[in-house]
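S.K.: Chains as they are written, first to last, in the numbering used here: chain A, 1 to 291; chain B, 292 to 588.
Treat the hints as calculated values from the structure; they're not laboratory data. Don't take every hint at face value.
[What the hints assert, rightly or not] Short derived list, chain A residues pointing at chain B, Cβ under 10 Å:
| hint | residue |
| --- | --- |
| 1 | Trp15 |
| 2 | Gln58 |
| 3 | Phe61 |
| 4 | Thr68 |
| 5 | Ser71 |
| 6 | Ile75 |
| 7 | Phe106 |
| 8 | Ala109 |
Backbone N, C-alpha and C fix where the C-beta goes; we use that ideal spot for every residue, glycine too.
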Amino acid sequence: MAQTRLGRAENRAGWAFVMPALVLVGIFMIYPILWSLWMSLQTGRGMTTSFGGLANIQRLFADPIFLTALSNTMIFLAIQVPIMIMLALVFAVMLNDPKTKFRGLFRTAIFLPAVTSLVAYSILFKSIFSNDGLATTIVTFFGGPEISWLGEPFWAKVVIILAITWRWTGYNMIFYLAALQNIDRSIYEAARIDGVPARAQFFRITIPMLKPVILFTTIISTIGTLQLFDEVQNITQGGPSNATLTLSQYIFNLTFRFMPSYGYAATVSYVIVVLVAVLSVIQFWIARDRK
Amino acid sequence: MSDVAAHRLDPEAAEPSARAALRGPDGPGRDMIGPAVKYIVLSLAAFVSVFPFFWMLVGTTNSSYDIVRGKAWFGDQLLVNLGNLIEQVDLPRVLFNSFYIAIISTVATLLVSSLAGYAFEIFRHKWRERIFAALLLMLSIPFAALMVPLFVMMASAGLINTYSAIILPTIANIFIIFYFRQATKAFPHELRDAAKIDGLKEWQIFLRVYMPVMRSTYAAATIIVFTLTWNNYLWPLIVLQTNDMKTMVLTISSLNSAYTPDFGVIMVATVITTLPTLIIFFLLQRLFVQGMLGSVK
Numbered sequence: 001m002a003q004t005r006l007g008r009a010e011n012r013a014g015w016a017f018v019m020p021a022l023v024l025v026g027i028f029m030i031y032p033i034l035w036s037l038w039m040s041l042q043t044g045r046g047m048t049t050s051f052g053g054l055a056n057i058q059r060l061f062a063d064p065i066f067l068t069a070l071s072n073t074m075i076f077l078a079i080q081v082p083i084m085i086m087l088a089l090v091f092a093v094m095l096n097d098p099k100t101k102f103r104g105l106f107r108t109a110i111f112l113p114a115v116t117s118l119v120a121y122s123i124l125f126k127s128i129f130s131n132d133g134l135a136t137t138i139v140t141f142f143g144g145p146e147i148s149w150l151g152e153p154f155w156a157k158v159v160i161i162l163a164i165t166w167r168w169t170g171y172n173m174i175f176y177l178a179a180l181q182n183i184d185r186s187i188y189e190a191a192r193i194d195g196v197p198a199r200a201q202f203f204r205i206t207i208p209m210l211k212p213v214i215l216f217t218t219i220i221s222t223i224g225t226l227q228l229f230d231e232v233q234n235i236t237q238g239g240p241s242n243a244t245l246t247l248s249q250y251i252f253n254l255t256f257r258f259m260p261s262y263g264y265a266a267t268v269s270y271v272i273v274v275l276v277a278v279l280s281v282i283q284f285w286i287a288r289d290r291k
Numbered sequence: 292m293s294d295v296a297a298h299r300l301d302p303e304a305a306e307p308s309a310r311a312a313l314r315g316p317d318g319p320g321r322d323m324i325g326p327a328v329k330y331i332v333l334s335l336a337a338f339v340s341v342f343p344f345f346w347m348l349v350g351t352t353n354s355s356y357d358i359v360r361g362k363a364w365f366g367d368q369l370l371v372n373l374g375n376l377i378e379q380v381d382l383p384r385v386l387f388n389s390f391y392i393a394i395i396s397t398v399a400t401l402l403v404s405s406l407a408g409y410a411f412e413i414f415r416h417k418w419r420e421r422i423f424a425a426l427l428l429m430l431s432i433p434f435a436a437l438m439v440p441l442f443v444m445m446a447s448a449g450l451i452n453t454y455s456a457i458i459l460p461t462i463a464n465i466f467i468i469f470y471f472r473q474a475t476k477a478f479p480h481e482l483r484d485a486a487k488i489d490g491l492k493e494w495q496i497f498l499r500v501y502m503p504v505m506r507s508t509y510a511a512a513t514i515i516v517f518t519l520t521w522n523n524y525l526w527p528l529i530v531l532q533t534n535d536m537k538t539m540v541l542t543i544s545s546l547n548s549a550y551t552p553d554f555g556v557i558m559v560a561t562v563i564t565t566l567p568t569l570i571i572f573f574l575l576q577r578l579f580v581q582g583m584l585g586s587v588k
């Protein structure tokens, strides 16, 4: 098929416009991700490395710190993401109701945490949950036990989960609010006239209609949580005794805190890549349209 | 949807519907309990969301000892904390680093990524959708998987502890490319056709027609990228190694990781770190949210 001169000129312009971005993506994403695959086949520390084949993968399964980091990350993911998405949905539905007063005020307040830097809010949480700090004062005021929030493995995990939930619930809520505005009000009108109770409206209308957005937010939350770093680094530093250590933090430690073992660090990073891929596929599969 | 339809045809559903009609939409059950619970839940959520901001402000006026002991009201240590901060941190230098990195990154990202997003929507090519799909797939590559090779690359290029090392990897932002492609769907093609008839070249059309028309998209993208780079932590933590190169975020993090952190000083620094994004949010709330939602439309 003969191309017109105009067509060729457009082609040239198109490539020229796209090229800077593609070149940068090539240098700073494609090349490193492939190189990291190659690195994961190398063993050794610092600059003295040798080809080790799948030795690093074997090392993973025998590495208690890796297994701890993996299970911590999965615990954060499995508990935090569903809680946050449920809360965000509930707030969004409440704020979408035109009868609710002060909607703008509530929306702004609940969204506000999403404006903060992760490091800044982490430090705020660390100071609130310090020993004998504000959180302890409040809990003991209501007759609760005196908890060493950041000193006990269980409670340290709880603080991390509370912190992430605080930061991201409003962010997810905004996505649901936008999607709710696109649902035709007459559906709810019809449901109301037919006497469908509010709870059934929520589960039978709202959730199915929002399924694509819920899927989208679940996947971005999953990717985010699998890479959790800033919060644990600044609230607990992975402690106490690795109870909040995450995969990203372990990669960071392997590369930049100890004598660097790039090959093994790259292998751990590929665990995150595989987890992102597998979990995304599972989430798509769960959310698929069933006939 | 089908559930609702089924419900309507279900003869048993007619009975509660009749009751609902008798009671009317403002029946007692709904009006008394529902709204009360709703307002309690929303007020609690709003309070919990805003409280740490209040805590941060209160903290700037208290000593570190009072902060970690949970004092939640204003004290008189603000000037002491501010003085200590200025003594410990070269504030103008650190602020310059943060602003410099965020502004250069934002300008470069917007230019490169909007060019690509525009071209992906306007120009047709047999590989267009395939390349674009490949880019979208790369959105899910976690940064954790890139940081080790990126660090080695930067080290061998001699770029450790430089602004370039921070800025370069952020410029081709796939999310922003995607955002601009979506936004370009609303860009009127007649404008481009008219400009071509007037003899404008492709790059002139982009600069003189597209950019001015799309300014609210640019504004929203500016907010996203500025916030993102201003708040960036992990990559600068790896690459920036001396105090004179550190950003605000890195500075509060290293103050925080001291053996006995001075939370009074940290709170003042945290307020300074949070202020720019907070100001942008309150001034441009609509654009801020629009930018965030750009990807779902």
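S.K.: Against chain B, is Gln58(A) within 10 Å by beta-carbon distance?
M.R.: violated, 20 Å
S.K.: Are Phe61(A) and chain B close enough, Cβ to Cβ, to be under 10 Å, as the hint says?
M.R.: At about 20 Å, which exceeds the 10 Å cut-off, the nearest Cβ of chain B leaves the hint on Phe61(A) violated.
S.K.: Taking the closest Cβ pair, is Ser71(A) under 10 Å from chain B?
M.R.: Given a least distance of 17 Å, the restraint on Ser71(A) is violated.
S.K.: Would you check whether Ala109(A) satisfies its interface hint, that is, whether its CB is within less than 10 Å of any CB in chain B?
M.R.: holds, 4 Å
S.K.: Given a cut of 10 Å on the nearest C-beta pair, is the interface hint for Thr68(A) held or broken against chain B?
M.R.: violated, 17 Å
S.K.: Is the hint on Ile75(A) kept, meaning its closest Cβ partner in chain B is under 10 Å away?
M.R.: violated, 18 Å
S.K.: Checking hints one by one. Is Trp15(A) an interface residue toward chain B, by the C-beta closer than 10 Å rule?
M.R.: Holds. Min distance 8 Å.
S.K.: With a cut-off of 10 Å, does the beta carbon of Phe106(A) approach a beta carbon of chain B closely enough for the hint to hold?
M.R.: Where the cut-off is 10 Å and the nearest Cβ of chain B is about 5 Å from Phe106(A), the hint holds.
In summary, the structure is inconsistent with hints 2, 3, 4, 5 and 6 from the numbered list given earlier, while agreeing with the others.
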